[in-house]
Amino acid sequence: MSDFQPGDTVKVGTRFPIGHVRTPYYCRGLTGEVERRVGTFKNPEELAYGRADHEPLTLYRVRFRQKDIWPDYKGLDADTVDIELFENWLEPAA
Amino acid sequence: MTTERRYHDMGGLPAGPVERTEHEFEPWEHKTDAIVRLLSEPGRGPLLRVDEMRRAIEEMGGNIYDELTYYERWIAATTNVMLEKGVFSVDELGKAIEAVRAKQRAAGGEVAEG
Amino acid sequence: MSTEHPHNHSHDHGHDHDHSGAPKQPDTEDRALTYHAAMADAVADLLIAKGVFNADELRAKIETMQSRTPALGAKVVARAWVDDGFKQRLIQDGSSAVAELGLDPGPAPLTVVENTAETHNVIVCTLCSCYPVFLLGKSPDWYKSREYRSRVVREPRTVLAEFGTDIAEDQAVRVHDSTADLRYMVLPCRPEGTENLSESELTTLVTRDSLIGVIECKSE
Numbered sequence: 001m002s003d004f005q006p007g008d009t010v011k012v013g014t015r016f017p018i019g020h021v022r023t024p025y026y027c028r029g030l031t032g033e034v035e036r037r038v039g040t041f042k043n044p045e046e047l048a049y050g051r052a053d054h055e056p057l058t059l060y061r062v063r064f065r066q067k068d069i070w071p072d073y074k075g076l077d078a079d080t081v082d083i084e085l086f087e088n089w090l091e092p093a094a
Numbered sequence: 095m096t097t098e099r100r101y102h103d104m105g106g107l108p109a110g111p112v113e114r115t116e117h118e119f120e121p122w123e124h125k126t127d128a129i130v131r132l133l134s135e136p137g138r139g140p141l142l143r144v145d146e147m148r149r150a151i152e153e154m155g156g157n158i159y160d161e162l163t164y165y166e167r168w169i170a171a172t173t174n175v176m177l178e179k180g181v182f183s184v185d186e187l188g189k190a191i192e193a194v195r196a197k198q199r200a201a202g203g204e205v206a207e208g
Numbered sequence: 209m210s211t212e213h214p215h216n217h218s219h220d221h222g223h224d225h226d227h228s229g230a231p232k233q234p235d236t237e238d239r240a241l242t243y244h245a246a247m248a249d250a251v252a253d254l255l256i257a258k259g260v261f262n263a264d265e266l267r268a269k270i271e272t273m274q275s276r277t278p279a280l281g282a283k284v285v286a287r288a289w290v291d292d293g294f295k296q297r298l299i300q301d302g303s304s305a306v307a308e309l310g311l312d313p314g315p316a317p318l319t320v321v322e323n324t325a326e327t328h329n330v331i332v333c334t335l336c337s338c339y340p341v342f343l344l345g346k347s348p349d350w351y352k353s354r355e356y357r358s359r360v361v362r363e364p365r366t367v368l369a370e371f372g373t374d375i376a377e378d379q380a381v382r383v384h385d386s387t388a389d390l391r392y393m394v395l396p397c398r399p400e401g402t403e404n405l406s407e408s409e410l411t412t413l414v415t416r417d418s419l420i421g422v423i424e425c426k427s428e
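Residue numbers (the working numbering), protein chains in the order written: chain A, 1 to 94; chain R, 95 to 208; chain W, 209 to 428.
For reference, chain A alone in the conformation it holds in the complex:
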């Protein structure tokens, strides 16, 4: 899996499992910029089912432009949403 640096452009996975995930619906498939690498944490998608015996994942804060999320957004181009996302949901933006 890629190791991203602040400023890298990343794309969020487009997928819709019924299980426990911490990637909000509204940002799936969208492109944002890595704001910081937070550190490594156990995977919530495993912890949710009582499984903790796994390697932790890298967690990032990814910044999205509001106008990229909501086409009808009313506000500045500079308005953003920062979301914490795990590495398994991120890929390099084309």
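Please keep in mind that the hints were generated in silico from the structure rather than gathered at the bench. Check before you lean on any hint, since a few could be wrong.
With a Cα cut of at most 30 Å, we get these calculated DSBU-like pairs of lysine-lysine [claimed, not checked]:
| id | chain 1 | residue 1 | chain 2 | residue 2 |
| --- | --- | --- | --- | --- |
| 1 | R | K179 | W | K258 |
| 2 | W | K352 | R | K179 |
| 3 | W | K269 | W | K283 |
| 4 | W | K258 | R | K197 |
| 5 | W | K426 | W | K346 |
| 6 | A | K74 | W | K426 |
| 7 | A | K42 | W | K269 |
| 8 | W | K346 | R | K179 |
| 9 | W | K258 | A | K74 |
| 10 | R | K189 | W | K258 |
| 11 | W | K258 | A | K42 |
| 12 | W | K346 | R | K197 |
| 13 | A | K42 | W | K346 |
| 14 | R | K179 | W | K283 |
| 15 | A | K11 | A | K42 |
Position chains R and W relative to chain A; hints supplied.
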């Protein structure tokens, strides 16, 4: 979309004005909060991880989710995880709830139906 | 639910009528025991009976969590307003900076985001209502509401206006969706005209809602 988007995942959905409501937390809400914190401590396993509780909340069904208050969701979800793990049994839970209600009645208090 | 089953009195009794002779608890005496309240008591009883924790540990935890209030966050903010070195450390590593003041930030890393003339920050958790409870105490009901969680991420300027907060036309709004392992607190702007106030006087200007980012602090 309403199928692939789960009910707790509500960012960006239309909704009414934010009512600036607050309430004094009741003793059972403080107790629920403390139970969750204690069960989450590494020294107790942990017997409960926050993502297990969230998962249980996300599985209770949209109508129940909207009907319950925040700490009602917490205690219901935590209880389900304890049942799954066999920390106590359904039989023990049912009897314990009735014991609490009986104590309330014996003290002259009221017990809500339902 | 108590809201659907309001006091189901089978007889009239006034507030001065005491069934048991025991001292009354004004907050709860009149309220029927709900299903979920009974479940909380039952689960506590079972976990104590099973030896998962004891009654003293439960009482102590309740007291500890009740001692966490926005006043702790206010103390952190006031220090940051008067001590720029502390402010820089707070933004760099919130948990360590808070610990410097002898406060417990809790197990999740605390992330402090600073309001400036250019940027206004506001916190939400669209998925479940994450909140820095160890520092600020329990969150207000509206923070956990469907309305706030749904809307502040999409129309933050409108929601902030509903709180009476008008964002300048050239000020960016930065929403932080608390989705994973961090917990967030806003460092509000120090109000103008407070240059002569002491650190402890400054703490009185810092409200809970300013730490969430839905309002700014005012000079009085």
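Handout entry: Given hint K197/R paired with K346/W - CA-CA distance at most 30 Å
Key = 29 Å, holds
Practice task
Assess, step by step, whether the Cα of K258/W is no farther than 30 Å from the Cα of K197/R, and give holds or violated.
Solution key: Holds - the C-alpha atoms of K197/R and K258/W are around 20 Å apart, at most 30 Å.
Problem - Proposed proximity, K283/W with K179/R (alpha carbon, max 30 Å) - result: 41 Å, violated
Handout entry: 30 Å Cα cutoff - pair K11/A, K42/A
Key = Holds, at roughly 22 Å.
Problem - Hinted pair K42/A and K346/W, Cα distance within 30 Å - result: 25 Å, holds
Practice task
Would you mind confirming whether the straight-line C-alpha gap from K258/W to K74/A stays at or under 30 Å?
Solution key: Outside the cut-off at roughly 55 Å; violated.
Practice task
For the pair we were handed, K42/A and K269/W, check the Cα-Cα distance against 30 Å.
Solution key: Holds. K42/A to K269/W sits at ~26 Å (cutoff 30 Å).
Practice task
Could you grab the alpha-carbon distance between K189/R and K258/W and see if it respects the 30 Å cut-off?
Solution key: 15 Å, holds
Practice task
Starting from K346/W, check that the Cα of K179/R is at most 30 Å away, please.
Solution key: With a Cα-Cα distance of about 28 Å, the restraint between K346/W and K179/R holds, given a limit of 30 Å.
Exercise for the section: Measure nothing beyond the straight line between the CA atoms of K258/W and K42/A; if it is 30 Å or shorter, mark the hint as holding. Expected result: 29 Å, holds
Handout entry: Satisfaction of hint between K283/W and K269/W, Cα-Cα up to 30 Å
Key = OK: K269/W and K283/W at ~23 Å, within 30 Å.
Handout entry: Distance restraint between K426/W and K346/W, which requires alpha-carbon spacing of 30 Å or less
Key = Holds, at about 23 Å.
Checked against the numbered hints above, the structure breaks hints 9 and 14 and satisfies the rest.
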